[in-house]
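Novice: Take a look at the letters that make up each chain.
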Amino acid sequence: MTAAPPSAADAQAAFARYPKPTAGQASRFLAQATFGPAPADIEAVMRDGYAAWLDAQLEMPPSQTHFDWLIAQGKNTEEFKGNGINAPLESTLWRKFISAPDQVRTRVAFALSEIFVVGVSAITASWPLFGAAGFMDLLAEHALGDYRELLTAVSRNLSMGCMLTYRGNRKEDPRTGRHPDENYAREIMQLFSIGLVLLNDDGTVRLVDGKPVETYTNADVQGLAKVFTGWDLDGPETDVGFHRRPMALNNALHSMAEKRFLGAVIPPGTDGHLSLARAMEVISGHPNVAPFIGTQLIQRLVTSNPSPAYVARVSTVFNDDGSGRRGNLKAVVRAILLDREARFPDLDSPAWGKVREPIVRFAAWARAFGATSVNGAWAMPDTTDNTIRLAQSPMRSPSVFNFFRPRYTPPVTELARRHLVAPELQITDETSVAGYLNFLSIYVDRGWEDLQTSYAAEMALAGDARALVDRIVLLLAGDAFSAQTAAAIAAAVEKIPAGRPRDRVRAAIMLVAATPEYLVQK
Amino acid sequence: MNRPDSPDRRRFLRRACALGAAGGALPMAVNLAALGAAAAQSAPAQSYKALVCVFLYGGNDPYNTLVPCDEAAYRAYARARTDIALPRQALAGTALTPEGSGGPGMQFALAPALAPLKPWFERGRMAVLLNVGPLVVPTTKAEYIGARVPLPPKLFSHNDQQSYWQALAPEGAASGWAGRLTDLFAGANAQRSFTGITAGGSTVLLAGRQVAGYRVGVQGSTRIELLQRDMYGSSDCTALLRRLITQPREHLMERELSRIAAQSIDADTRLRAALAGVAVPGDFSTPLAQQLQIVARIIAAREALGARRQVFFVSQNGYDNHTGLRDTHPALLGELGQALSAFQQAMESLGVAGQVTTFTASEFGRTLGSNGNGSDHGWGAHHFVLGGAVKGGRYYGTHPDIAVDGPGFVDNGRLLPTMAVDQFGAALGRWFGAEEDELGLVFPNLRHFDARAVALF
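Going down the list, the protein sequences come from chains A and B. For the first sequence, the numbering used here assigns the number 235 to the initial residue and increments by one for each residue that follows. For the second sequence, the numbering used here assigns the number 119 to the initial residue and increments by one for each residue that follows.
No lab work stands behind these hints, which were simulated from the structure alone. Note that CB positions come from ideal geometry on N, CA and C, so glycine has one too. Keep in mind that a hint or two might mislead.
[Said to hold, decoys possible] Examples of chain B residues toward chain A, derived with CB under 10 Å:
id, residue
1, Ser275
2, Ala325
3, Arg444
4, Leu559
5, Asn563
[What the hints assert, rightly or not] Just a few of them, taken from the derived set where beta-carbon distance is under 10 Å, the chain A residues facing chain B:
id, residue
6, Leu430
7, Lys588
8, Asp679
9, Ala748
[Said to hold, decoys possible] No more than 27 Å apart at the CA atoms, straight line, and that leaves these computed lysine-lysine pairs for DSSO-like:
id, chain 1, residue 1, chain 2, residue 2
10, A, Lys445, B, Lys236
11, B, Lys272, B, Lys259
12, B, Lys509, B, Lys236
13, A, Lys254, A, Lys564
14, A, Lys445, B, Lys272
If we strip away everything but chain B, and leave its shape as in the complex, we get (with noise of 0.2 Å):
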């Protein structure tokens, strides 16, 4: 794959040069650095950009984040939902009123416990993507049906469409799209460690051909403690210590506790005084908004980090809502939309709000009918992206009419995407910064589907 002459080789060398560096010896760790540095100082503060993923574990609900509000289509839902669907009159004060002509021919309001997002909506900092999801090809009702068509592996999996949305392959994927993203952005960084960083977990998302993502909590990172002083009192017994759990090893485990280890003193060291002090206003104070806030926290230092080009991960657990998602579902959409708001609330103050694009993703959608109190494995899904460059306050993408048996639907209810990841994905790509033949070899299935049709930006 990365050949010495590869295209996005030469790109790299193109784009590293541009940035302000000599491309003589680049592979060289300590001269990446350095080249970051001198691109830390010559380049403009404004090219940095960066990807927020939100990813909400366990396969958002689409029906009860996005309602069908109009009285058609509301009552095509509750009729499909049973007891599962949102009372109408709770919708009035979160219908969403898109710019434009178009759309998808119904209206929708958000669940009420995402009304701090509204007016991110109405003031054009947030689209709403309707039904996307794995797509190989563009797939019909009845080609699905028939398998006439390629389809993504392990459809309705937790795990395999969780690693599908991340890395456009199932579980054992050995890279994802935002690794193979930001690995054409390499010498961009002066810490190639800082380039893609999670704050919510283990995730390919990050996996890019030379780094996998950089885990931080949610004070940031954590210290050796055992470092910090003497072992009872012997500076031997905490050289050796540092030595032993850091020095190379030949098993391949041992091999990768070493450089976790190394990494995380390196790491440490170096995004700890980046962050001393920094501090970003803002109500923060639930799980996720949490993590948000660390993520704002390396993006207000991004410059004594020396970083141009990042992605982040965050994640929510506990939307497998197969049972209670009356009562489950809104708390978490309520903890969704603060954490958002306050964070993109941030990005504005910190004067980087087109420079950041947040958007969620979630493993599939759900079953639009009732499982009795819930709703199952489903496929296509609708998301949120939010962010100064985005062009907001308004749908892209298609949504079916909402009827089980119409072809909109398979599988008893479950949403047939119109948008692949592959599209969304490039859509965040293009933004970032990659072109076209880039985008294919991020997004493997993109050339079978309309490449530009996303125009987010």
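Next comes chain A alone, as it looks inside the complex (with noise of 0.2 Å):
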């Protein structure tokens, strides 16, 4: 066991302790924090330090909206009505990525839609593009918020009701023998709050007689399912305005049957509206959803494999933010990106770290090196294609189960031989290798259609391979990039004529986001 966690006050005691970050641990935080680090992110982190940044940015309220953005491009039309046209949403979900100020909310929204999935192809109901842009705004709006308004949120939403298939989700009928949809309520535990088995704080199994305890029985699944009948859209398909609005109850079709889930029972003849904030209440007051939750936000931004002390620290805040609230994500995120653990990891750890996300590096890319839409459009493509893209593209997992899962670890290696996780890992083989590494060459060599950046600080250094190359592996890979390696690579660099400055800029960049040690994130 370990020892007791600091209590939220300690921690906040110490985070304001932390000296001012140089350039290469600025760097490496904004990795965490954000889509990837900017020059004037990496100096305003520098001077104003982790906390007193992130707090500029936990504060900031959420910038102009997906949705809003698609209406004002004016992408509200018949031509985008059906699936199968939604290239707008890439549009707005990598000018987001890329160029959004509020760039926390906007990394741990990408985030929570890797926890809470929803496939834009998944969404049956007019303008998917919308239901999905929506959806992100709604994971943008709670990100920092309360976990079970999030949850209440996500339950409410229609694109959610589409991808697990509760919209129009009907009572039981005895007569027939017709049995509400168990999707959502099987998933909602599984994947969004509570996982399978029983966990302590700090993440770890809890076992009962040496062995893990399932966490709920098909019966509970059966039971909560009762919970999520009578939920559709609400109002017309007339125009994309419906994607905004919470699903809408109708009683009618909804089960007064009593409602018997992880020890709860609702009873007979409670009404939809009640029964789901009390379904809210008993999911979000579990006690494993501090420790399910917060690790794999730390998967996210930070580690793969947090040590049980960082967890417990993380579920200490998720259960009491400080002051008595419970599921304060805002605190949650707090603490995850200040954790000493975070800041101050051992850079020569063989496990510490993650492996960067396909759909991260190319963001990085971008803000690292000022890329931005020439006109405004932010023609972007779908990123999915393993063998010249990314392998991943936001809002279009294929399942539920995302891209990759969390406990994700790759057979016949050292890291499943000493019980580590790689999640990403799930999606880097053969052909994907090869297709980031592709893809790298077209957008570091000529952008991406609207996409482009000038380079003007990365040529005025180009004379200087070393110096370029530093700058590169500060903007991209921060404090933990060997200086072995750099030399190898401004060594290689130096071989392009300087008259070409250009090129070499791309060859030093390209070298850099190439290598596994740029890959995995420390």
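If you follow the hints, you should be able to join the two separate chains into one complex; please do so.
Specialist: Here it is, written out as structure tokens:
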């Protein structure tokens, strides 16, 4: 067992005492907290310190929503009503990843989109791109809010109702034997809240008589399924507005039977709104939520294998933010990003860190080198293809299990032998490693459509290969990149004639971004 | 596990010798390659065998795949399924007439969308397995309800039951049963990396003790374009890139990235050469068929690759039909039936029909009853096995009376399996060449069942 974790107040005091970061430390922090360090943000973090910079971010209201941007771009027309014409979704998602000022909120919302997973192709309503965009907006709205409110909003969301098929779900019919659809009831417990087995606050599996204990049975699923009956879209599909409204309840289709799950009993005759509120209370109050959700947020932002003590510190904040509030996600995000394990890890540890997600790699390139849309269109691609793109694309997971699983361990590896996980390696294979490099070689060379950069700051350094590489390393990898590798890259880049500075810049970026040292975020 | 004197190690050496190699320094990769090359020359062509797993992600609905169609059984089926039942009149063209006597005591028809498979059943090239699923020990309904026997962990959970079908353990399993099976034949192939190949995404099925599955795209391997030319005119940059992405690393995740990149480059070179000019005729236009086409091409190139034992993995998504079952499911089965038929035809054309066995798998069946317009996660389900070596045209296993409250169903309409995944897998493994004691190592719960009950071959 670990020692009792410090209280939230102790942690606050400790965060305030952290020394001002170096440029490399600031860059590494920004890789965890945002879609990648931009030069100005590195300077700001160095100037203000981690906590002050982060608190300013956490207080920022959400920037322009995806939904509003799509409307402003005139995408709410008949042309985009059907599924399969979802390209503007990429435009707005990448727009915010790369350029949103509320970077921490945007990054956390993306992390949540890999826990509360909706794929745009599953949205069985008109204008599915607005459904997916609205869902990401919902995650951004609640990303720094209250977990129970987030869970409730997700549960009422039409896109999720489509994804997990409870939109239009009807109460049981004893005459025909029809039972309510169990899909959402199962996955809200397995994936969005408590997981399959009881956990300790430090994320380790709680053993009873030496064995794990499953958190729920099939009977719990069947009982909870009755809660998610009677919900469907609110209003006509004449304009995109219905995607912003929570699903409406039709109590005539809602099960009025007794609902038993997770030890709770909702008495017969309870209506849909009350049943939902009670279910959200029961689920979000389960002791597994803190370690289950906390661990996954740590994995999405910081490291694949946090120590039990780190998870326990985050769970403590989840369970009580210091003012008696449970599920305060702003406090949880703050605890994750400012934790001493995140800020001062042993960078030489062979297990620390995480494989950078392909989506984040691409966004980080744009942010590091100031690439932006030259005409405001953001004509970004679906990046799912694994032979020439990223094997991952936002809001396009093929199932609710995301592109990779939080407990994935690549078999037949030292990681497996040490019982370590590496979720992102689930989409890393002989094809996708080539696909990433093939995509990298395109966008570093010539951007993507209207996403362009002049590499002005880098061009200015191109005469000095060592200085050029040092800058690129700082922007992409922070203080976690070996001097030896940097020197080797500089030596090779120097072989490109100084009269071709742009080629030197491109080659240096490609070489840094191709290395395993960069690909594993420390 | 892998002690130098373990039975499977001895057998491994014996097999290697039988394949025409001297056994002296077998663990050396270079000698394994030489061994494979020697085997490629000396072993008769018919010693090649391959298994092809077609995984139906989402949990295929068994009752709208293989539909009870005699009058009494259909009546029970239609009563239980209400709005999601297939109409009986649609089944006349795909009703199956099994060879021999015995059988499940009711008549079945393939879903109409699976019509392309009917000729293979009639020709004895396809068998139907009834009610197979994860089990630790033979289990009755009373034992399930009373939790009186050990049950597979995390039943009804997608990812865990996918893993169970592929590895006989829930998510996080270190190796898959096909990987453990191919470990027994490690010396048979010139290229260990071409032993387990997936065109259907990441899978634990192919992970053995030494290697996991090798990933191909539907066109074959993917080339790193940056390595094909000088980077901005600099051969130094290109050489450095190759070194940086492949050199061994201390960090465990970096190490894995380097290993995969090195493997990607090496395997691409070899596979690209072996597949050059290799075409397989047939209609392989759908996503599933495209995966099966690259499998067929690799099988066609088996001699150039020095392959004697291979397992392939392909997959089809979309079977989690909680809703829209009547709309979505027939389209999926249509793709499945056409693709399996085209692949089987290709195997016949290549003259390897008897050496390639294709089987379906899926994480679970689904509820018999309707949830409104779909079905929910179940347990047991029916599956197909195709190939020239299969004693086809018949059913294997049993099917209970169709009654939600009867002894054959648990938890309100979930088929309680009467054939374990271990038994199904063992039948495939035995054909592949594993011996009885080896099958016990590959399939951990086989000892609790009649290991030879499924006499598929």
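Novice: Against this structure, judge whether each hint is valid.
Specialist: Cross-check of the supplied hints:
Because the closest C-beta pair between Ser275(B) and chain A is about 6 Å apart, less than 10 Å, the hint holds. Because the closest C-beta pair between Ala325(B) and chain A is about 3 Å apart, less than 10 Å, the hint holds. Violation of the interface hint for Arg444(B) is found here, the shortest Cβ-Cβ separation to chain A being roughly 14 Å, above the 10 Å cut-off. Hint on Leu559(B) is violated. Least Cβ distance to chain A is approximately 17 Å, over the 10 Å limit.
Nearest Cβ of chain A to the Cβ of Asn563(B): about 18 Å, over the 10 Å cut. The hint is violated. Because the closest C-beta pair between Leu430(A) and chain B is about 6 Å apart, less than 10 Å, the hint holds. For Lys588(A), the interface hint holds, the least distance from its beta-carbon to any beta-carbon of chain B being 8 Å, beneath 10 Å. At a threshold of 10 Å, the smallest CB-CB gap from Asp679(A) to chain B is about 9 Å, leaving the interface hint in force.
For Ala748(A), the suggested interface contact is upheld, since its CB lies about 5 Å from the closest CB of chain B, less than 10 Å. A distance of roughly 47 Å separates the Cα atoms of Lys445(A) and Lys236(B); the hinted pair therefore is violated under the 27 Å criterion. Distance check on the hinted pair: Lys272(B) and Lys259(B) sit about 17 Å apart at the alpha-carbon level, within 27 Å; holds. Between the alpha carbons of Lys509(B) and Lys236(B) the distance comes to roughly 15 Å, so the proposed pair stays at or under 27 Å and holds.
Restraint check: the Cα-Cα separation between Lys254(A) and Lys564(A) comes to about 22 Å, which is no more than 27 Å; the hinted pair holds. At most 27 Å may separate the alpha-carbon atoms for a hinted pair to count; Lys445(A) and Lys272(B) meet this at roughly 14 Å.
Hint violations for this structure: numbers 3, 4, 5, 10, all remaining hints satisfied.
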